[in-house]
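Chains as they are written, first to last, in the working numbering: chain F, 13 to 200; chain R, 13 to 200.
Worth double-checking, as some hints may not be accurate.
Stated by the list, open to error - Per the computed footprint, the stretches of chain R lying under chain F, defined by three or more beta-carbons under 8 Å from a beta-carbon of chain F, are: (1) 40-52; (2) 69-76; (3) 97-106; (4) 118-128; (5) 152-160; (6) 174-185.
To be verified - Cβ pair distances, simulated, as ranges: (7) E177(F) to Q184(R): 20 to 30 Å; (8) D31(F) to Q144(R): 35 to 45 Å; (9) P14(R) to E150(F): 32 to 42 Å; (10) S53(R) to E183(F): 29 to 39 Å; (11) N98(F) to Y175(R): 31 to 41 Å.
Unchecked claim - Among the chain R residues that face chain F by a calculated CB cut under 8 Å, a handful are: (12) W58; (13) F60; (14) V62; (15) I63; (16) S110; (17) Q114; (18) P134; (19) S137; (20) P141; (21) Q144; (22) L146; (23) L148; (24) P149.
To be clear, the hints were calculated from the coordinates, so they are not data collected in a lab. From a predicted model like this one, the values you see are computed outputs, not experimental measurements. In this text, a Cβ means the ideal position worked out from N, Cα and C, and glycines have one as well.
Protein chains: 2
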Amino acid sequence: MPDIVDLLRSRRSVRAYEDRPVAPELLRRLLVAAMAAPSASNSQPWEFVVITRPAILERLRSKLLFARYNAPAAIAVCANLRIAHNSAARHYWVQDCSAATQNILIAAAGLGLGSVWIGVYPLPSVMAPVRQVLALPEDVTPLSLVYVGHPTEHEPPNGHDRYEERRVYWEQYEPRKRRARKKNAKHE
Amino acid sequence: MPDIVDLLRSRRSVRAYEDRPVAPELLRRLLVAAMAAPSASNSQPWEFVVITRPAILERLRSKLLFARYNAPAAIAVCANLRIAHNSAARHYWVQDCSAATQNILIAAAGLGLGSVWIGVYPLPSVMAPVRQVLALPEDVTPLSLVYVGHPTEHEPPNGHDRYEERRVYWEQYEPRKRRARKKNAKHE
């Protein structure tokens with residue numbers, strides 16, 4: 013296993029998968045990783061639905077415009093405030109479930125699997141079909157859907173990463189740096 | 013470096029730190045890790061303020077009830093929709109910045125550092141002092157504050173982890189399992 017930062021840097025969203033299942037033991041390890049995430053006051057407001065049945069995966073694909081990838085497995089990361097250990101989850105469940113989602117992605121990368129994070133919450137047009145296909149009750153909220161599988165191709169490390177010095181400030185935010193940046197930036 | 017899932021499982025919130033600084037090169041690696049996080053449509057809506065000056069750390073500590081730890085460094089993970097690469101950030105910046113925060117925590121663990129995630133957004137009582145101390149402009153929103161340092165003690169792995177079978181459903185949500193659980197659960 014590489015250095016942790018190299019592993020994090022090499023992780024990529026994978027959208028094409030081999031036509032073979034993910035071993036249940038690997039899926040279980042992804043869930044262990046997910047539940048090892050931190051949460052506000054350790055409230056652990058999460059539940060997970062693991063989907064491996066082709067018919068259900070196909071139903072998801074047919075209803076989700078941005079999730080039409082051929083992954084043999086998916087994990088829906090959901091929030092359920094009724095099983096959270098305390099009320100901190102009320103404010104922080106999105107962050108807690110995002111940390112759990114990110115742990116799944118990192119664990120997948122470290123285990124040689126590919127994955128991609130499909131955003132579900134807060135868009136009603138994505139949440140509704142996920143709710144319906146997975147039979148989620150009203151008080152269980154799907155935050156994300158993570159597709160998992162064996163990647164068909166391993167992208168070579170592209171030599172650079174997403175690190176951008178201009179996004180880093182030291183000690184305090186510097187309006188001067190900000191103004192200088194605005195003159196040159198494309199996206200502002 | 014251990015297996016990735018073991019690393020994720022062994023990560024703990026660290027609240028007591030040695031009285032020595034974190035090398036700038038290590039802080040930079042944490043930022044590389046942060047910016048390697050996925051974001052919705054790759055919008056990368058994040059900015060980071062790294063704090064190492066004792067006077068500023070002390071000002072944060074004095075104003076934040078739940079952040080009075082003696083870390084020699086902190087990284088504020090902020091969102092700035094004006095520098096995001098596209099409008100997906102409008103819906104997903106909390107999740108994107110949470111993934112970046114989680115990457116910092118994991119990188120720290122892998123590099124032998126300790127860290128703890130202080131929730132900032134969405135509580136105005138926490139956001140206001142962070143904004144003030146770090147001189148954040150109105151359109152930059154602090155999501156989290158991560159304290160970083162060399163841990164004074166390494167907690168031994170506690171033999172179990174946070175994995176809970178009852179939080180996992182296969183293929184679809186099962187109301188039956190849910191009902192059975194409710195009878196026994198403490199927190200429902």
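Right, here's what the structure says about each hint:
no.: 1; hint: 40-52; result: holds (count 9)
no.: 2; hint: 69-76; result: violated (count 0)
no.: 3; hint: 97-106; result: holds (count 5)
no.: 4; hint: 118-128; result: holds (count 5)
no.: 5; hint: 152-160; result: holds (count 3)
no.: 6; hint: 174-185; result: holds (count 10)
no.: 7; hint: E177(F) to Q184(R): 20 to 30 Å; result: violated (47 Å)
no.: 8; hint: D31(F) to Q144(R): 35 to 45 Å; result: violated (55 Å)
no.: 9; hint: P14(R) to E150(F): 32 to 42 Å; result: holds (41 Å)
no.: 10; hint: S53(R) to E183(F): 29 to 39 Å; result: holds (32 Å)
no.: 11; hint: N98(F) to Y175(R): 31 to 41 Å; result: violated (19 Å)
no.: 12; hint: W58; result: holds (6 Å)
no.: 13; hint: F60; result: holds (5 Å)
no.: 14; hint: V62; result: holds (5 Å)
no.: 15; hint: I63; result: holds (6 Å)
no.: 16; hint: S110; result: holds (4 Å)
no.: 17; hint: Q114; result: holds (4 Å)
no.: 18; hint: P134; result: holds (6 Å)
no.: 19; hint: S137; result: violated (11 Å)
no.: 20; hint: P141; result: violated (13 Å)
no.: 21; hint: Q144; result: violated (10 Å)
no.: 22; hint: L146; result: holds (5 Å)
no.: 23; hint: L148; result: holds (5 Å)
no.: 24; hint: P149; result: holds (7 Å)
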